[in-house]
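If you want the building blocks of each chain, they are given just below.
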Amino acid sequence: MAYSDKVVDHFNNPRNMGSFKKDEEGIGTGMVGAPECGDVMKLQIKVQNDTIVDAKFKTFGCGSAIASSSLATEWLKGKTIEEAQQIKNTDIVQELNLPPVKIHCSVLAEDAIKAALADYQKKSGDKTEAAQ
Amino acid sequence: MAHHTHTSGSRDLKMARSMCWHCQSEVSGEYFCERCVKVQPVSKETDYFTCFGLPRRLTIDQRKLEAKFYELSRAFHPDFYQNKSEAEQTISLGNAATLNTAYRTLRDPIQRAEYLLDLEAGSVKEIRTSPPSDLFEEILELQETLEAYRASDSASEASRTLRAQLVAEQAALEGRKHALEQQLQRLFTDWDALQDRGDAGAQACAERDRLLKQMRDLLSNRTYMKNIVTDLVATIG
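If you're matching them up, the sequences are chains A and B in order. If you're matching positions, the first sequence starts at 1 in the working numbering and goes up one per residue. If you're matching positions, the second sequence starts at 1 in the working numbering and goes up one per residue.
By construction, these hints were calculated from the structure, which means they are not laboratory data. Remember, it's a predicted structure, so these values are computed and weren't measured experimentally. Check each hint, because a few of them may be wrong.
[Unchecked claim] Calculated lysine-lysine pairs in the DSBU-like style (CA-CA distance at most 30 Å, straight line):
{"id": "1", "chain 1": "A", "residue 1": "Lys77", "chain 2": "A", "residue 2": "Lys127"}
{"id": "2", "chain 1": "B", "residue 1": "Lys44", "chain 2": "A", "residue 2": "Lys114"}
{"id": "3", "chain 1": "B", "residue 1": "Lys68", "chain 2": "A", "residue 2": "Lys22"}
{"id": "4", "chain 1": "A", "residue 1": "Lys22", "chain 2": "A", "residue 2": "Lys88"}
{"id": "5", "chain 1": "B", "residue 1": "Lys64", "chain 2": "B", "residue 2": "Lys38"}
{"id": "6", "chain 1": "A", "residue 1": "Lys88", "chain 2": "B", "residue 2": "Lys213"}
{"id": "7", "chain 1": "A", "residue 1": "Lys88", "chain 2": "A", "residue 2": "Lys77"}
{"id": "8", "chain 1": "B", "residue 1": "Lys177", "chain 2": "A", "residue 2": "Lys22"}
{"id": "9", "chain 1": "A", "residue 1": "Lys46", "chain 2": "A", "residue 2": "Lys22"}
{"id": "10", "chain 1": "A", "residue 1": "Lys127", "chain 2": "A", "residue 2": "Lys114"}
{"id": "11", "chain 1": "A", "residue 1": "Lys22", "chain 2": "A", "residue 2": "Lys79"}
{"id": "12", "chain 1": "B", "residue 1": "Lys213", "chain 2": "A", "residue 2": "Lys122"}
{"id": "13", "chain 1": "A", "residue 1": "Lys127", "chain 2": "A", "residue 2": "Lys56"}
{"id": "14", "chain 1": "B", "residue 1": "Lys213", "chain 2": "B", "residue 2": "Lys226"}
{"id": "15", "chain 1": "B", "residue 1": "Lys44", "chain 2": "A", "residue 2": "Lys56"}
{"id": "16", "chain 1": "A", "residue 1": "Lys123", "chain 2": "B", "residue 2": "Lys213"}
{"id": "17", "chain 1": "A", "residue 1": "Lys21", "chain 2": "A", "residue 2": "Lys114"}
{"id": "18", "chain 1": "A", "residue 1": "Lys21", "chain 2": "A", "residue 2": "Lys79"}
{"id": "19", "chain 1": "A", "residue 1": "Lys21", "chain 2": "A", "residue 2": "Lys122"}
{"id": "20", "chain 1": "A", "residue 1": "Lys6", "chain 2": "B", "residue 2": "Lys226"}
{"id": "21", "chain 1": "A", "residue 1": "Lys88", "chain 2": "A", "residue 2": "Lys123"}
{"id": "22", "chain 1": "A", "residue 1": "Lys114", "chain 2": "B", "residue 2": "Lys213"}
{"id": "23", "chain 1": "A", "residue 1": "Lys127", "chain 2": "A", "residue 2": "Lys79"}
{"id": "24", "chain 1": "B", "residue 1": "Lys44", "chain 2": "A", "residue 2": "Lys21"}
{"id": "25", "chain 1": "B", "residue 1": "Lys44", "chain 2": "B", "residue 2": "Lys68"}
{"id": "26", "chain 1": "A", "residue 1": "Lys122", "chain 2": "A", "residue 2": "Lys88"}
{"id": "27", "chain 1": "A", "residue 1": "Lys122", "chain 2": "A", "residue 2": "Lys22"}
{"id": "28", "chain 1": "A", "residue 1": "Lys22", "chain 2": "B", "residue 2": "Lys44"}
[Claimed, not checked] A few chain B residues that don't get close to chain A, going by computed Cβ distances all over 12 Å:
{"id": "29", "residue": "Leu54"}
{"id": "30", "residue": "Asp108"}
{"id": "31", "residue": "Pro131"}
{"id": "32", "residue": "Asp153"}
{"id": "33", "residue": "Leu166"}
{"id": "34", "residue": "Glu174"}
{"id": "35", "residue": "Asp196"}
{"id": "36", "residue": "Ser220"}
{"id": "37", "residue": "Arg222"}
{"id": "38", "residue": "Asp231"}
Yeah, the Cβ is synthetic: ideal placement off N, Cα and C, and Gly gets one too.
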């Protein structure tokens with residue numbers, strides 16, 4: 001099975017690889033794994049005024065998993081929380097032209113986005129509560 | 001024979017029953033019709049344990065499994081079907097393929113457990129558990145060290161230091177994986193004991209769910225560890 005050009009491009013030149021400090025202001029961290037294949041994905045967002053100003057990822061897994069998370073971080077930048085919620089794994093499948101056996105990689109990326117958003121919302125919610 | 005066929009219906013209620021594709025008489029979970037002796041396809045609902053006449057347990061009699069597998073492999077061997085009808089050839093070939101998969105799955109304790117969890121998960125919906133964040137952080141960090149090592153000049157001091165670090169990490173991870181496997185083995189024993197008791201009370205049900213969840217967790221963690229160890233071995237050999 002050959003990877004599509006886009007997967008190869010993201011794999012060779014991953015965008016936004018790295019991480020933020022978890023406890024930093026406005027950071028949401030999503031940590032997910034696929035027990036079936038053993039892939040691990042960490043995706044982080046940096047939020048200011050309800051907008052994602054930066055995103056980073058680290059992925060241990062196959063080329064498609066790396067490409068999926070790399071693409072996800074690209075898409076996240078500049079989106080509002082609300083807009084980010086709308087990103088679906090099928091969008092990733094389409095953009096990267098993933099074959100059926102690699103669809104679970106895109107699902108993992110969507111899960112990571114959701115987990116990062118949930119973590120950010122939980123942290124900012126806790127803060128609002130504490131302030132009251 | 002005819003007498004047996006007649007009464008088997010009321011006697012073996014638990015057995016999966018269907019009709020012989022050839023003579024339409026009732027066949028009960030066996031591979032050959034008792035009346036016309038035609039080969040019967042393995043039903044899709046038949047689990048791998050039943051295929052080999054084994055109880056659904058995590059510790060199984062390996063010798064019995066192997067003996068039954070060889071016996072059935074002979075029974076469905078293409079050589080014996082060369083002069084038979086096309087339907088019989090197709091069925092025997094399909095059976096041989098199913099039994100090969102079944103044997104490979106049950107032979108390995110980990111695959112066997114994964115399979116049993118799949119079978120049992122229907123009643124414990126969503127055994128999904130929260131991901132082990134600490135382990136994930138560790139794996140991602142280790143992967144960075146691996147990449148730094150791959151990118152380093154192998155003659156350099158830095159490269160040697162990284163290598164030593166990776167060798168130590170590999171030994172530590174393998175030790176932890178082994179401990180995890182022993183822990184799994186204990187859960188397997190507990191699970192089988194619970195099944196042997198055949199208790200359906202509330203407490204037994206809670207125990208059952210607890211065991212399934214724990215096994216799920218440990219099996220997943222084992223896969224994550226196995227992957228990074230494989231990567232380590234491939235890199236530092």
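Each hint tested on the structure:
1. For the proposed pair Lys77/A and Lys127/A, the alpha carbon gap of about 24 Å is at most 30 Å, so the pair holds.
2. Annotation: proposed proximity of Lys44/B to Lys114/A is violated, straight-line Cα distance about 37 Å (limit 30 Å).
3. Taken as a hint, the Lys68/B and Lys22/A pair is broken in the structure, with Cα atoms around 55 Å apart against an allowance of 30 Å.
4. Restraint check: the Cα-Cα separation between Lys22/A and Lys88/A comes to about 25 Å, which is no more than 30 Å; the hinted pair holds.
5. A C-alpha spacing of about 25 Å is found between Lys64/B and Lys38/B, which places the hinted pair at or below 30 Å, so the restraint holds.
6. Restraint check for Lys88/A and Lys213/B: the C-alpha separation of about 29 Å stays at or below 30 Å, so the hint holds.
7. This hinted pair checks out: Lys88/A and Lys77/A have alpha carbons roughly 15 Å apart, not beyond 30 Å.
8. For the given pair, Lys177/B sits about 28 Å from Lys22/A by alpha-carbon distance, which is consistent with the 30 Å threshold.
9. A threshold of 30 Å between alpha carbons decides the hint, and for Lys46/A with Lys22/A the separation of about 10 Å falls inside it, so the pair holds.
10. Only pairs whose Cα atoms come within 30 Å are accepted, and Lys127/A paired with Lys114/A is accepted, the gap being roughly 20 Å.
11. Taking the CA atoms of Lys22/A and Lys79/A, the gap is about 20 Å. The hint holds against a cut of 30 Å.
12. Annotation: proposed proximity of Lys213/B to Lys122/A holds, straight-line Cα distance about 26 Å (limit 30 Å).
13. Of the pairs offered as hints, the one joining Lys127/A and Lys56/A holds, with about 23 Å between alpha carbons and a cut-off of 30 Å not exceeded.
14. Restraint check for Lys213/B and Lys226/B: satisfied, since their Cα atoms lie roughly 20 Å apart, inside the 30 Å limit.
15. In summary, the hint linking Lys44/B to Lys56/A is not supported, as the alpha carbons are separated by about 45 Å, beyond the 30 Å threshold.
16. Using a Cα cut-off of 30 Å, the hinted pair Lys123/A and Lys213/B holds, with the two alpha carbons roughly 28 Å apart.
17. Note on Lys21/A and Lys114/A: the hinted pairing holds, with a Cα-Cα distance of about 19 Å set against a maximum of 30 Å.
18. A hinted pair counts as satisfied when its Cα atoms are at most 30 Å apart, and Lys21/A with Lys79/A qualifies at roughly 21 Å.
19. Proximity of Lys21/A to Lys122/A is assessed by CA-CA distance (about 17 Å); at most 30 Å being required, the pair is judged to hold.
20. This hinted pair checks out: Lys6/A and Lys226/B have alpha carbons roughly 29 Å apart, not beyond 30 Å.
21. Distance check on the hinted pair: Lys88/A and Lys123/A sit about 24 Å apart at the alpha-carbon level, within 30 Å; holds.
22. Between Lys114/A and Lys213/B the CA atoms are separated by roughly 23 Å; this keeps the pair inside 30 Å, and the hint holds.
23. Straight-line distance between C-alpha atoms of Lys127/A and Lys79/A comes to about 22 Å, which keeps the hinted pair within the 30 Å bound.
24. A hinted pair counts as satisfied when its Cα atoms are at most 30 Å apart, and Lys44/B with Lys21/A does not qualify at roughly 51 Å.
25. Note on Lys44/B and Lys68/B: the hinted pairing holds, with a Cα-Cα distance of about 19 Å set against a maximum of 30 Å.
26. This hinted pair checks out: Lys122/A and Lys88/A have alpha carbons roughly 21 Å apart, not beyond 30 Å.
27. Note on Lys122/A and Lys22/A: the hinted pairing holds, with a Cα-Cα distance of about 13 Å set against a maximum of 30 Å.
28. For the hint pairing Lys22/A with Lys44/B, the CA-to-CA distance comes to about 48 Å; that exceeds 30 Å, so the pair is violated.
29. Residue-level check passed: Leu54/B sits 25 Å from the nearest beta carbon of chain A, beyond 12 Å.
30. For Asp108/B, the requirement that its beta carbon stay farther than 12 Å from each beta carbon of chain A is met, with the minimum near 16 Å.
31. A Cβ of chain A approaches the Cβ of Pro131/B within 12 Å, the least distance being about 5 Å, so the stated non-interface status is violated.
32. With 12 Å as the threshold on Cβ separation, the claim that Asp153/B sits away from chain A holds: the shortest Cβ distance comes to roughly 22 Å.
33. Residue-level check passed: Leu166/B sits 15 Å from the nearest beta carbon of chain A, beyond 12 Å.
34. Annotated as non-interface, Glu174/B keeps its C-beta farther than 12 Å from every C-beta of chain A; the closest such distance is 16 Å.
35. With 12 Å as the threshold on Cβ separation, the claim that Asp196/B sits away from chain A holds: the shortest Cβ distance comes to roughly 28 Å.
36. In this structure Ser220/B is not separated from chain A by more than 12 Å, as the shortest Cβ-Cβ distance comes to only about 3 Å.
37. Under the 12 Å C-beta cut-off, the non-interface status given to Arg222/B relative to chain A is violated; the minimum distance is some 9 Å.
38. Under the 12 Å C-beta cut-off, the non-interface status given to Asp231/B relative to chain A is violated; the minimum distance is some 8 Å.
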